[in-house]
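Peer 1: Residues per chain, in single letters:
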Amino acid sequence: MTAFFATEALEAEVLQPLVLALPKGRILKECGKLLARAGIVPAAALHDEDSRLLRFPTDDPMLDVVRVRPFDVATFVAFGAAQIGICGGDVLMEFDYPEIYAPLDLGIGGCRVSVAEPRGTVGIDDPSRWSRVRVATKYPNIARRHYAARGIHADVVHLNGAMELAPGLGIAQVIVDLVATGSTLAANGLVESEVIAPVTSRLIVNRTALKTQPEAMGAWIARFRKALA
Amino acid sequence: MTDDPPPNPALLPAGLRDLLPPDAETEASAVEALMDVFAAHGYQRVKPPLLEFEDGLLTGSGAAVADQIFRLMDPDTRRMMGLRADMTPQVARIATTRLGGDPRPLRLSYAGQCLRVSGGQLAPDRQVAQAGIELIGHDSPAADAEMVLVGAEALAAVGLRRLSFDLLLPSLVPALLDDAGVAPGRRRELAHALDRKDAASVSAHGGTLAGTLTDLLMAAGPADGALAALRAAKLPEAARAMAARLEAVVAAIRAVAPGLKLTVDPVEFRGLRYHTGVCMTVYAPGRHEELGRGGRYVCGESEPATGLTLYPDAVLRAAPARSARPRVYLPLAEAGHGAALRARGFATVAALADPPSADPPSADPPPADPPPAGHSHEAEARRLRCTHVFTGGLLAELTE
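As given, the protein sequences belong to chains A and B, one line each in that order. For what it's worth, numbering that gives the first Met the number 0 labels the leading residue of the first sequence as 0, then goes sequentially. For what it's worth, numbering that gives the first Met the number 0 labels the leading residue of the second sequence as 0, then goes sequentially.
Chain A on its own, in the form it takes in the complex:
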């Protein structure tokens, strides 16, 4: 075979800044310390909740930060719009994007995805006899998978918030939601009846970016790993 690939036939790499996607809200505050330990200094406006900016430079010209909704972090990284992200394990479970690698457990944002039901039905209604159940949740896939594994078809009522109201107002028997302390559940007459999975925030990376820019991506993963140690 002829040697087609003379080295000079290869074009030079075009280097563009990597994009790190961070979730708005509660986790962003916890991310601050981690970013500092990883030596990432984003523009101050990142932590200003009133800032209308969505994309922020950092002290490293090869890294920009975007601030999006927690569920959207996974979507941005899956589609390669951001190469790196910080995202809850609940979001990864829900979308199960094959394009996302989750190489590091950051150990922040600890909580759990759980089933909760009204205090009145606990221990009375036996789920093993159910054929179907009506579930209010913002995690339709997690809820369906959880019940399908038990032989129960889940009819999902997809809500984006205030899940705790659903059983009391009669639109669902149970809810599947993120539980941190359980105080919201208790205040609404609900009991956490089953933990589906514990949740922490993960460092996630885009699969193709890791494959095609292994040096740069590997260096960032290593920096976050060191920041955890």
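Honestly, the hints are just simulated from the structure, not real lab data. One or more of the hints may lead you astray.
[Claimed, not checked] 30 Å max Cα-Cα, derived BS3-like pairs, lysine-lysine:
{"hint": "1", "chain 1": "A", "residue 1": "K225", "chain 2": "B", "residue 2": "K233"}
{"hint": "2", "chain 1": "A", "residue 1": "K23", "chain 2": "A", "residue 2": "K225"}
{"hint": "3", "chain 1": "A", "residue 1": "K23", "chain 2": "A", "residue 2": "K137"}
{"hint": "4", "chain 1": "A", "residue 1": "K32", "chain 2": "A", "residue 2": "K225"}
{"hint": "5", "chain 1": "A", "residue 1": "K225", "chain 2": "A", "residue 2": "K137"}
{"hint": "6", "chain 1": "B", "residue 1": "K260", "chain 2": "A", "residue 2": "K225"}
With chain A's structure known, arrange chain B on it following the hints.
Peer 2: Coordinates of chain B only, in the frame set by chain A:
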């Protein structure tokens, strides 16, 4: 009573599309450019049918796409038929049956359209083109390397010179798990964790293998580093032999194409459950989709084989734009020059009648004086989206 409005006649089912001029032509010419390189390396073209009995499509590596096959019943035999979702099983069938007596190694190439029940998250297409090669009847590092080298040369022929080949050993992890006697239940969780490179979960489910698997997980990257990590890892004999084979393949590729970017991911096995040796995925840096994939499998009962399938749709999206053939408007009086122009590579657009010079087709008010003959030919050439016009024995390019 409420009736839904009639569907728009342009609407196609999800994941399907019409390819228009000039894209349909550039696609065809790009596929031919790929196929020319395959042919130049001795790969002879075969053309299997779009539809065949489903058992044929499900053998060997075809089992990996079993849930992606559109099925319909053959009214003749009452057997189930499938529309191909991948051409490799078809070529393997040809190699073991009709071409079973041909000398080995057998080199075959193919190009065609495949259909799948649903698109992926990144690429929603349900009709996917394939152009590929299969090298059947030889089990050697040279054969594995040939897939990468011929693939790189074919992609270079359509202008893609920045490539990255990710080399994989999909049977390495199963060999490690077998050796450690990992229970089936834990295996599934571990496989998912490895697939998502979820180091925390690999440590949690890995048991005695956690250390080795985590090291290999972290080793994914440039070929040299990953091979060093494989050398350093504590591997059972079967896995050690796979790592040695991979190293030989990398050396064989480097000997011919030292500048080609190679990465190695020792624990990746996605979509490669039925592959048995060194596999590869082709990427173009900066692009978010795979341009092709391939690797070693067993053809028929026991014949060693390897192959590479390129995805022309993805290849075209990554490659520099290909210019379509220039189009020359040829007025009636110049018809005699057509053959010479076509021989020079132009497409001639023949006038079927003299353009209505005094009565332009646009809504503009007619000019006071009738335009000179050359001008109206030029206007007609522009209207028909030609790039050139041929008048008075001269070829003129139309400028903006």
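Peer 1: Each hint: holds or not?
Peer 2: So, going through the hints one by one against the coordinates:
1. K225(A) / K233(B): Holds - the C-alpha atoms of K233(B) and K225(A) are around 25 Å apart, at most 30 Å.
2. K23(A) / K225(A): Between K23(A) and K225(A) the Cα gap is close to 24 Å, so the pair holds against 30 Å.
3. K23(A) / K137(A): Between K23(A) and K137(A) the Cα gap is close to 17 Å, so the pair holds against 30 Å.
4. K32(A) / K225(A): holds (13 Å)
5. K225(A) / K137(A): Violated, at roughly 34 Å.
6. K260(B) / K225(A): Distance ~28 Å between K260(B) and K225(A) Cα, so the pair holds.
Checked against the numbered hints given earlier, the structure breaks only hint 5 and satisfies all the rest.
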